[in-house]
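If you want the building blocks of each chain, they are given just below.
Protein chains: 2
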Amino acid sequence: MRATRRGQGGVTVQDVARAAGVSAMTVSRVVNGGHNVRESTRLAVVEAIDRLQYKPNPAARSLAVGEATQIGLLYANPSAAYLSQFLIGALAAARRAGCHLVLEPCEGESADEQAEATRQFAGADVQGVILPPPLCESEPVRTELAAAGIPSVAVAMGRHEAGTFNVRIDDFEAAAAMTRHLIDLGHRDIAFIRGHPNQVASAERHRGFVHAVEAAGLDPAAMRVEPGYFTYRSGLAATERLLRQRPRPTAIFAANDDMAAAAVGVAHRQGLHIPRDISIVGFDDVALATNVWPELTTVRQPIAQMAETAVAMLLARLRKRGGGDAAEGEELIVPHELVVRESTAPPPRDAAHR
Amino acid sequence: MRATRRGQGGVTVQDVARAAGVSAMTVSRVVNGGHNVRESTRLAVVEAIDRLQYKPNPAARSLAVGEATQIGLLYANPSAAYLSQFLIGALAAARRAGCHLVLEPCEGESADEQAEATRQFAGADVQGVILPPPLCESEPVRTELAAAGIPSVAVAMGRHEAGTFNVRIDDFEAAAAMTRHLIDLGHRDIAFIRGHPNQVASAERHRGFVHAVEAAGLDPAAMRVEPGYFTYRSGLAATERLLRQRPRPTAIFAANDDMAAAAVGVAHRQGLHIPRDISIVGFDDVALATNVWPELTTVRQPIAQMAETAVAMLLARLRKRGGGDAAEGEELIVPHELVVRESTAPPPRDAAHR
DNA sequence: GTTCTGGATGTTAGCGATAACCTAAAGCGC
DNA sequence: GCGCTTTAGGTTATCGCTAACATCCAGAAC
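If you're matching them up, the sequences are chains A and B in order.
Heads up: the first sequence begins at 5 in our numbering, then just goes up one per residue.
Heads up: the second sequence begins at 5 in our numbering, then just goes up one per residue.
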């Protein structure tokens, strides 16, 4: 008899089938949802499965179904903390589905570079692509994907657009909640540092801020707003401009944590105590938020979970191909959370002298 | 005729074989190293491959060879920046080999938690495990892996131990180089903030520091050394202790960037200008290093590349199983790089008054 | 010339799972 | 009771690739 190539004693459907007294096909049916299987049979199979500790072989499965095995992830250096969370979630979902994640870095802001990076995917036969911010809003990337006929799902694209797929939090509402937190503490002079002007999320966060200010009966026009780019450096510059003015704002709301961390740095250098002299808050809850002193009050986005959801949505979309080309798009909004740490407090009493 | 399940027109070995006028097996041989194939045949096949844009199907391959399809990665929240780089590298190598990466978080420092997390792998049939710091030095983890018979490769385990597999930089030499940089600038009073006492890398970096100090003819005993834990918070405490003393050190060498960033924060709060009044340097070159002002002079570890190498080493080791159980261990040292940014300068002239 | 040797290639038989098809019994309306 | 649909399950044929074995043939060895 020929030498068998049988691997290191992995349990297969056949083994389970034998143990449960059914055919391999029935086991397969049980594993994948169990339609058209009698309850008693199903139980017998399930019992056999965990008695033998059966784990389906993902390679065999994806070979058999001939489905997506590679999904792309185009990233452009958002904060490293963001990326690692994102990868963790995406990887978990990809593995569950038995498909590989193909990473493609896209440094460079030019349209050419972005298009070039996107084109890599077409050559690498990925069946779909996940787009974390900020690339989800890049025109060249989307054009190129459309040209190659590769479906994509965006994550944290600020606002829904018809025909696109997107997973995000409600930036507007989250920013409003954060603003209310500051107002509730007694702040009446809150400065806002905006995010990158090309990202819809920046505008949404700002809108949420304005909305909450108005809702509290305050005048939005009285609040100082500085431009920013979501980078540490831009936060530095914005805060310097703000703190040069008198009276100083009693609170600064930066549209992300990187800029908030920068604000903390500048405030410290000017001898201000946080939060006694000034409150500073961020947005995103990346690791950086707890790597400054004091730790930042911020808004947590469930990044890993969002990535997971996005992958699942992409796979669902790929599977549906053929059923109907339902290109109507889909949006999923996941819950956020206000995380109050140590960088916020009521405004100083002698606000007049500040 | 039965409906075929043939997927979306993917090119297969058969197609290539037909185009090149050879058998599928020959194509397979060419793709995998091409032993025992005549040069002329090889060229014909290669030509056909890239004319048809053939990409081997990884699922089919790993099903056929019955090889490792899952390799584990046990992580314990090192800095997020470290993790994302690590994942990028590991993922690239895993995909090339057609195998999946199974992530397992291991929060918690207790032996029980670590053992428990490790045990997850045994149940998930991963064939090998990659261990980034600090878990690569965890006794419970290693015991548990050994018990389950799962081979592992460590990354950045500070020093080589017989019988283990490891990829790292030369922490000793890197720390010495950094110290020489400070000495060359004119510093004679350099404080050192150590890393976590349980990690060998901490000791190595400190040894490198001491060695360079001695080599320059200075007295190591005169240099202040503070304990630390590689965390931002511990860096904060250590720096506060250091800067309370007079005379202040003219330079602080923190054993990683997180602690160096903390040192920058404390120095700023005390009104010191960096690098004019004091130089501060870190180690690792994670993203945080450029997210403080001024950007940190530090040592770059090629993290992604190290992870890639580790995965490759692990796979080689798994394949070799059966040939010989060569348990002699292996170590690979990759080059590091001193990155001089803006946080270092010559010591202040009036050092006497500091 | 014959046998041996080893390199270059083809052939066959899986790897583990599932799609598509088939079968047998049960349910159902009339 | 008869055909018809539905349900529960088995059979068979792949998916794409490669290990193991078989074959062929040129040159070496005798």
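One should not assume that every hint holds.
Simulated crosslink set (DSS-like; lysine-lysine; CA at most 30 Å straight-line) [said to hold, decoys possible]: (1) K324(B) to K59(A); (2) K59(A) to K59(B); (3) K324(B) to K59(B).
No lab work stands behind these hints: they were computed from the structure.
For each hint, the structure was consulted:
no. : hint              : verdict
1   : K324(B) to K59(A) : holds (25 Å)
2   : K59(A) to K59(B)  : holds (28 Å)
3   : K324(B) to K59(B) : holds (26 Å)
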